[in-house]
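Chemist: Next come the chains, spelled out residue by residue.
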Amino acid sequence: MLELGAFLRLMTLPVHLLWLIAALPLLAAGIGALTPRRGRALAAGVAIAAMALSFLLSCAALATALAQPAAHLVHNFAWFDLGLGPLRLGWLLDPLTAFMCVMVTLVGLLIFVFSVGYMHADANSTRFFCFMSVFAAAMLGVLIANSLLLLFVCWELVGLASYLLIGFWFHKPAAAAAAKKAFITTRIGDLGLLLGMLWLYDSTGTLLFFDAGNGVLEAGALGALTAQTTIGGLAVSTAIGLLVFCGAIGKSGQFPLHVWLPDAMEGPTPVSALIHAATMVAAGVFLVARVYPLMAADQALAHVPIHALTVVAFIGAITALMGAMIAVAQNDIKRVLAFSTVSQLGYMMLALGVGSWVAAIFHLLTHAFFKALLFLGAGSVIHAAHHEQDIRRLGGLRGPMRTTFATFAIGMMALSGVPFLFSGFWSKEAILHAAHAWNGSSLPLFAGLAAVVLTAFYMTRLVAEVFFGAPRSEAAGHAHESPPTMTIPLIGLAVGAVLLGFLGTPAYPWLQARLLGETEVHGHSLLEGGGLMMLSIVLVALGIGAGWAIYWRRLRATATALDPLERATPRTFAALAARLGFDELYAATVGRLSNATAALADALDRHVWDGAIRFLARLGEFTGVVSRETDEDMLNGGFDAGSESLRGTGKLYSRAQTGETHGYLRVIAIGFVLLVLIVMMGGGQ
Amino acid sequence: MNLSPLHLCLLFSSALFCIGLIGALCRSNTILVLLGVELMLNAANLNFIAFWRFGPAPSAETGVIFVLFSIAVAAAEAAVGLALVISIYRHQQNIRLQEANRLKG
Numbered sequence: 001m002l003e004l005g006a007f008l009r010l011m012t013l014p015v016h017l018l019w020l021i022a023a024l025p026l027l028a029a030g031i032g033a034l035t036p037r038r039g040r041a042l043a044a045g046v047a048i049a050a051m052a053l054s055f056l057l058s059c060a061a062l063a064t065a066l067a068q069p070a071a072h073l074v075h076n077f078a079w080f081d082l083g084l085g086p087l088r089l090g091w092l093l094d095p096l097t098a099f100m101c102v103m104v105t106l107v108g109l110l111i112f113v114f115s116v117g118y119m120h121a122d123a124n125s126t127r128f129f130c131f132m133s134v135f136a137a138a139m140l141g142v143l144i145a146n147s148l149l150l151l152f153v154c155w156e157l158v159g160l161a162s163y164l165l166i167g168f169w170f171h172k173p174a175a176a177a178a179a180k181k182a183f184i185t186t187r188i189g190d191l192g193l194l195l196g197m198l199w200l201y202d203s204t205g206t207l208l209f210f211d212a213g214n215g216v217l218e219a220g221a222l223g224a225l226t227a228q229t230t231i232g233g234l235a236v237s238t239a240i241g242l243l244v245f246c247g248a249i250g251k252s253g254q255f256p257l258h259v260w261l262p263d264a265m266e267g268p269t270p271v272s273a274l275i276h277a278a279t280m281v282a283a284g285v286f287l288v289a290r291v292y293p294l295m296a297a298d299q300a301l302a303h304v305p306i307h308a309l310t311v312v313a314f315i316g317a318i319t320a321l322m323g324a325m326i327a328v329a330q331n332d333i334k335r336v337l338a339f340s341t342v343s344q345l346g347y348m349m350l351a352l353g354v355g356s357w358v359a360a361i362f363h364l365l366t367h368a369f370f371k372a373l374l375f376l377g378a379g380s381v382i383h384a385a386h387h388e389q390d391i392r393r394l395g396g397l398r399g400p401m402r403t404t405f406a407t408f409a410i411g412m413m414a415l416s417g418v419p420f421l422f423s424g425f426w427s428k429e430a431i432l433h434a435a436h437a438w439n440g441s442s443l444p445l446f447a448g449l450a451a452v453v454l455t456a457f458y459m460t461r462l463v464a465e466v467f468f469g470a471p472r473s474e475a476a477g478h479a480h481e482s483p484p485t486m487t488i489p490l491i492g493l494a495v496g497a498v499l500l501g502f503l504g505t506p507a508y509p510w511l512q513a514r515l516l517g518e519t520e521v522h523g524h525s526l527l528e529g530g531g532l533m534m535l536s537i538v539l540v541a542l543g544i545g546a547g548w549a550i551y552w553r554r555l556r557a558t559a560t561a562l563d564p565l566e567r568a569t570p571r572t573f574a575a576l577a578a579r580l581g582f583d584e585l586y587a588a589t590v591g592r593l594s595n596a597t598a599a600l601a602d603a604l605d606r607h608v609w610d611g612a613i614r615f616l617a618r619l620g621e622f623t624g625v626v627s628r629e630t631d632e633d634m635l636n637g638g639f640d641a642g643s644e645s646l647r648g649t650g651k652l653y654s655r656a657q658t659g660e661t662h663g664y665l666r667v668i669a670i671g672f673v674l675l676v677l678i679v680m681m682g683g684g685q
Numbered sequence: 686m687n688l689s690p691l692h693l694c695l696l697f698s699s700a701l702f703c704i705g706l707i708g709a710l711c712r713s714n715t716i717l718v719l720l721g722v723e724l725m726l727n728a729a730n731l732n733f734i735a736f737w738r739f740g741p742a743p744s745a746e747t748g749v750i751f752v753l754f755s756i757a758v759a760a761a762e763a764a765v766g767l768a769l770v771i772s773i774y775r776h777q778q779n780i781r782l783q784e785a786n787r788l789k790g
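Residue numbers (the working numbering), protein chains in the order written: chain S, 1 to 685; chain Z, 686 to 790.
Treat the hints loosely; a few may be bogus.
Stated by the list, open to error - Calculated from the model, a selection of chain Z residues having no Cβ within reach of chain S, i.e. all distances over 12 Å:
1. L691
2. L693
3. F697
4. L701
5. S755
6. E762
7. A763
Unchecked claim - A partial selection of chain Z residues facing chain S, derived with a Cβ cut-off under 8 Å:
8. L706
9. A709
10. L710
11. Q783
12. A785
13. N786
14. R787
Calculated from the structure, these hints are not laboratory results.
Where a beta carbon is used, it is the ideal one built from N, C-alpha and C, also for glycine.
Using the sequences provided together with the hints, build the complete structure.
Modeler: And the structure:
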């Protein structure tokens, strides 16, 4: 233990070199982009090596940050000078950044290794590893940014990479549509973030988070922001905080912009794992945690209509409950997991809203491991069953796929919150305790508790349908275990999904203390607040028990048999299976509005502008008729010869109009060269 | 050879311009031709910046402002260009520039 401590003290990463963490995957992406298609081993190798190096650097950064957890180590520099002063960016290293970097690089590394096995048959895997590296680099950039502007740039790069990866199989229309949907939906939230950022810059004159007392997250700026009020009596900090939160709603798939997240399943499964665990959706939660001082600045004000964090808590609670409800009725293995991500992200937002950002980050870290595990496990199943994703047509995979089953079961128990041994239990417990302690309202707590039951229930259903009973399709019958490049990452993630919880148990909340910048760890007995813990254990048992009674005891016999819930309450089940109709609602409102605007523009173009042009044409025609009359009557004869020669010239010139664009371009280029020559000769005289 | 930073910038932007020009002249894919045009535009922008930075009055913001305008105009132009590409594709089911010659005289 002592040697380890000494080793850790040796490992330091000065903050001005922090950019290396994000630059390495970016470099790998560049190499991947230049690699020809057959060099897939090179592209994969470089991407994995870069992630591994980034992971080591992140560990060094973590050691550096933990040496002085209360400090925000920053390195600011001027990007360029414009107007009154330089525009400054910077890197930031504190325990939050460091823990997130370690998680992203480790989970990312395991997903990359898994992808080698999963994508080995894909002809474009070079491009795949290039995009994955961009994705990881952009996310790491979000984490290390000490400026909202730099964070925003990387944030948009995350959005771009997710677009490219969700639409990786762009020849599938569903994938192309899902990619567009993800990009456009998150863009709606990003508009809010952009406005918030502009407002912040306007009010404070800087976008640096920490800058020796002048940053926006430091007391001076926050005091100024809370002192001013804006429309509706809101404090300016509340308004800016809510606008920034819009970005997080889009990125983290919160109600009402959650619709893109389940569709993002159209990408290859490792992409889903990366989106749902380490990058994309984590970015929104991280953003709120990063600007937490800004979000919480209005807490001390008594006479404001609403606090920013209250909105966060309620959005989170709605999302947690709604996601869990919809997940119950999905039949696609990846869609169940997608809605469980929506629900778990709701938990994290709930924790942020009720004031415990450390609980949110704790859940983010543990969730990253077990959700990546579940997605990669689902990928292993899909790979083995020849791209069969419908759980009704799977089944009986426990026998042939032992490693996948064992690791998936660990992930399932971690997500369900099976007590004591699994990480999900401890992090969910931390969130429920925070919600319990919140004196705003008890609704978030109830939503969270209800989601606990539902989570345990749908995960039991998923495992029972996929791994137990008899195979219900030919593909499932022929399934066999995936290669070691796929199972080893599963085992690695499973270890993380179990062990990570012990970093933050109430008895010894090491992680929470370090995140808060404390060097002492104040644990308390598990019995303190034990009532809530007992309640959640009972609820987990209830959920698993119900799942067992409904799905496990009488296993599905055929692929076409109705779901037991569907038989009991067909209408509710259908509504949930249709995802509560959000897509249809948006198609009927936003989609129709956009179509109507387009139709209006089309009509304007067709009738008004075209009409004006047609009127002018008629006028011209009329003038022509008049002049022809004049011509034929008065000036006939002698002009005919002239007209003939004019026509001949016109024909000659019209030969230059070849219709060949390259010809025109060449003429322009030659003309340009001649012009340059003339200028140069003129200059010589 | 002793080159000043201004010379280096100008050499780089000329190279960029030539690459863009050759791309625009030799590619048959309309999108790649547009890419070539964008490269030429960026070469011009680079010249602006270089002359501003190493010119007589780098404190005046004209160079930067001009380039910002130019980038904004280029973005609008790219949107129009891509819309044209889409409508060419709708008419002839491909985006080969040689085949878009139905308006010839």
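Chemist: Work down the list of hints and note, for each, if the structure agrees.
Modeler: Here is what the structure says about each hint:
At roughly 18 Å from the closest C-beta of chain S, the C-beta of L691 of chain Z stays outside 12 Å, upholding its exclusion from the interface. The Cβ of L693 of chain Z lies farther than 12 Å from every Cβ of chain S, with a closest approach of about 19 Å, so its non-interface assignment holds. At the 12 Å boundary, the C-beta of F697 of chain Z stays outside the reach of chain S, the nearest C-beta of that chain being 18 Å off. Listed as a non-interface residue, L701 of chain Z keeps its Cβ farther than 12 Å from every Cβ of chain S; the least gap is roughly 15 Å.
The non-interface label for S755 of chain Z is consistent with chain S: the shortest C-beta to C-beta separation is roughly 15 Å, beyond 12 Å. For E762 of chain Z, the condition that its CB be more than 12 Å from all CB atoms of chain S holds, with the nearest at approximately 16 Å. At roughly 16 Å, the least C-beta separation between A763 of chain Z and chain S is larger than 12 Å, which holds for a residue marked as non-interface. At about 6 Å, the closest approach between the beta carbon of L706 of chain Z and any beta carbon in chain S falls short of 8 Å, and the interface hint on this residue holds.
Against a cut-off of 8 Å between C-beta atoms, the interface hint on A709 of chain Z holds, since the closest Cβ of chain S lies about 6 Å away. A distance limit of 8 Å between C-beta atoms decides the matter here; for L710 of chain Z the minimum to chain S is near 6 Å, and the interface restraint holds. Using the Cβ-Cβ criterion of 8 Å, the hint placing Q783 of chain Z at the interface with chain S is satisfied: the shortest such distance is roughly 6 Å. Look at A785 of chain Z: its Cβ gets to within about 7 Å of chain S, closer than 8 Å, so that hint holds up.
The criterion of a C-beta within 8 Å of any C-beta in chain S is met by N786 of chain Z, whose closest approach is roughly 3 Å, and the hint holds. At its closest, the beta carbon of R787 of chain Z sits 7 Å from a beta carbon of chain S; the interface hint therefore holds under the 8 Å criterion.
Against the hints set out earlier in the document, no violation occurs for any number.
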